[in-house]
Amino acid sequence: MRLQLSRLYAAIVSGVLLISGSLIARADDSTKAPDGGGRLVVRTAARTSLYADTNDVTVVTPVATAELAKPSAGWSVHGLYLADIVSAASVDIITTASPRWTEVRHAGTLGASYETGSVGLRPQVSASVEPDYISYVGGGVVSLDLYSRSHAVFLGYFRSHDTIGRTGTSFDVFSRTLDADALSAGVTLTLNRSTHLSLVNDVFFERGDSSKPYRYVPLFSATVAPTIEKGESVESVNRERLSASPLEQLPLDRQRYALTARFGHRFGKSTLRVDERFYADSWSQQASTTEARYFVDVSRRLTLWPRARVHAQTGVSFWERAYVGALAADGVWRIPRFRTGDRELGPLATFGLGAGASFGFGPRGSPRAYRVALQLDAMHTEFFDTLYLTSRNATLATLGVEADFE
Amino acid sequence: VKARGSIFLSALLVACADAPDTSDATFEVPSSRRFDVVARTLDAHCGTLDCHGASSRNFRLFGFSGRRLDPTHVSGVGATTALEAGVDYCSLTAIEPEVLARVVVEGGVEPERLTFLRKARGSEEHVGETVFAEGSAGDECLVTWISGRSDDLAAPCEASLGDLRDPPPPTDGTVDLSACNSRVERSP
Numbered sequence: 001m002r003l004q005l006s007r008l009y010a011a012i013v014s015g016v017l018l019i020s021g022s023l024i025a026r027a028d029d030s031t032k033a034p035d036g037g038g039r040l041v042v043r044t045a046a047r048t049s050l051y052a053d054t055n056d057v058t059v060v061t062p063v064a065t066a067e068l069a070k071p072s073a074g075w076s077v078h079g080l081y082l083a084d085i086v087s088a089a090s091v092d093i094i095t096t097a098s099p100r101w102t103e104v105r106h107a108g109t110l111g112a113s114y115e116t117g118s119v120g121l122r123p124q125v126s127a128s129v130e131p132d133y134i135s136y137v138g139g140g141v142v143s144l145d146l147y148s149r150s151h152a153v154f155l156g157y158f159r160s161h162d163t164i165g166r167t168g169t170s171f172d173v174f175s176r177t178l179d180a181d182a183l184s185a186g187v188t189l190t191l192n193r194s195t196h197l198s199l200v201n202d203v204f205f206e207r208g209d210s211s212k213p214y215r216y217v218p219l220f221s222a223t224v225a226p227t228i229e230k231g232e233s234v235e236s237v238n239r240e241r242l243s244a245s246p247l248e249q250l251p252l253d254r255q256r257y258a259l260t261a262r263f264g265h266r267f268g269k270s271t272l273r274v275d276e277r278f279y280a281d282s283w284s285q286q287a288s289t290t291e292a293r294y295f296v297d298v299s300r301r302l303t304l305w306p307r308a309r310v311h312a313q314t315g316v317s318f319w320e321r322a323y324v325g326a327l328a329a330d331g332v333w334r335i336p337r338f339r340t341g342d343r344e345l346g347p348l349a350t351f352g353l354g355a356g357a358s359f360g361f362g363p364r365g366s367p368r369a370y371r372v373a374l375q376l377d378a379m380h381t382e383f384f385d386t387l388y389l390t391s392r393n394a395t396l397a398t399l400g401v402e403a404d405f406e
Numbered sequence: 001v002k003a004r005g006s007i008f009l010s011a012l013l014v015a016c017a018d019a020p021d022t023s024d025a026t027f028e029v030p031s032s033r034r035f036d037v038v039a040r041t042l043d044a045h046c047g048t049l050d051c052h053g054a055s056s057r058n059f060r061l062f063g064f065s066g067r068r069l070d071p072t073h074v075s076g077v078g079a080t081t082a083l084e085a086g087v088d089y090c091s092l093t094a095i096e097p098e099v100l101a102r103v104v105v106e107g108g109v110e111p112e113r114l115t116f117l118r119k120a121r122g123s124e125e126h127v128g129e130t131v132f133a134e135g136s137a138g139d140e141c142l143v144t145w146i147s148g149r150s151d152d153l154a155a156p157c158e159a160s161l162g163d164l165r166d167p168p169p170p171t172d173g174t175v176d177l178s179a180c181n182s183r184v185e186r187s188p
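Protein chains in written order, with my numbering: chain C, 1 to 406; chain G, 1 to 188.
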């Protein structure tokens, strides 16, 4: 329920960035995995992430991936499994008068890659299941290498079908569907031997009711609404609101557009990577996300990197901190057609800083055949126009082990 | 050139997309006539202080079994007032106005589309579990009200009270909606 867009977006990103990433990797021998010549190569990885924030949400995410590739023949297959173990007693839970809950989401992905001549194909399917949300995504990316593989263009299409339910309730009793089509087109350019740039345009078309079936939106009288302040407490909202508190209602379709630029430059013993993503949608939400990483190869075995991320977004056109409703004299309700309490649809900004390290402990001739990596991030989010919360601090730690075998 | 084209394409698509209509919508809901007997049933089964009588509830009830609107009234003494029945009516009818209006317009068919009815029947997860099994007197009380048959409410709603601690009958059979458009909680 929490990540419906990101599942489809992740599918596209994993497909598309494989292409742009592979080009950047070509110029960066130190990060290139062994190609295995004519042999089969097996790559495996396991990592676990721990997320915790000041809104009393913790998420533990173990992930396992495996890939079997025959580089000389141009093909590979890969699979991924992850589980999100979420425990929450956030203000969103408190406002529904519910106790802390714990929930597990299972997700899996199967994909393949095949390159013949200058054409690459990358089909992929994935599924995600949790007690109140089932999601299926399928699609693929076609790429075409140009000018001796120094440039590439690619086109991707993914389709998702989600079923939204309520925990503890059969999907036969209550469910909604949310369908989405996503198109992705882009180009990856080799600007010189050590500099690459990729530009990706994503378009999403969503159809269905994505309103959260647990989220109620307090209504206020026209005279009280202007007095409701940013970060107003749960107790105060319960005291000031009308007896009416309807369920969230979002528009039944949404078109989203994103333009992502990824710049990579290899210095002597370091690599700079900068990503910028501009986003706009038909709900009048606009956003910018900037992320930079600077990888420093301290030795053949050790790579360190700092990371910085800034995200800022506007609220959707129907965003209100305090919605007004009224029962008219003729006995009909006048209620905002669209209403939400989802902070992610409101204006906000997030600042993140982090650092990571990767250490290769493989044999002398191939020190990065086995790797352990640690990434630590801290994020601060400011909510500019929301009830209950004005900010949130979060930490994310990821520890992973990767191994390549021939 | 491709980058410019991509930006232009995105800008064009954004410009062509219809922004959501942010105006208010009006929703026709079941009549408040004789809702006093429905409020009595709801209050008796659902309105205690540890349940929908709590101020933290999105669907919250006032009345004989739980919280009182008038600070001079106490729980368990005196019938649910016309004003309390009115506030209960507004709380119930606003929970999912889109679905309720659709059910009303269609003459009350498939009332199980309504979340509160599914919860009351126990077909959907509900902390209070099954309150009114499908076809029971309480269920009939709610379904009769949803379908607009106000004159037929008295019998099933009265029968739904069963062995419960007997809530006094409504004082004058009216429902006062005057508190629906203002805050109803008292300051601590």
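Where hints are given, some of them may not hold.
[Unchecked claim] Covered stretches of chain C, going by a simulated chain G footprint (3 or more residues, C-beta under 8 Å):
| hint | stretch |
| --- | --- |
| 1 | 244 to 251 |
| 2 | 294 to 302 |
| 3 | 326 to 332 |
Think of the hints as simulated: they come from the structure by calculation, not from any bench.
Backbone N, C-alpha and C define an ideal beta-carbon position, used for all residues, glycine too.
Hint check:
For the stretch 244 to 251 of chain C, the stated coverage by chain G is satisfied: 6 residues place a CB nearer than 8 Å to a CB of that chain, which reaches the threshold of 3. Counting residues of the stretch 294 to 302 of chain C whose CB falls under 8 Å from any CB of chain G gives 0; the rule of at least 3 is not met. Remark: the stretch 326 to 332 of chain C is confirmed as covered by chain G, as 5 of its residues place a Cβ nearer than 8 Å to a Cβ of that chain, reaching the required three.
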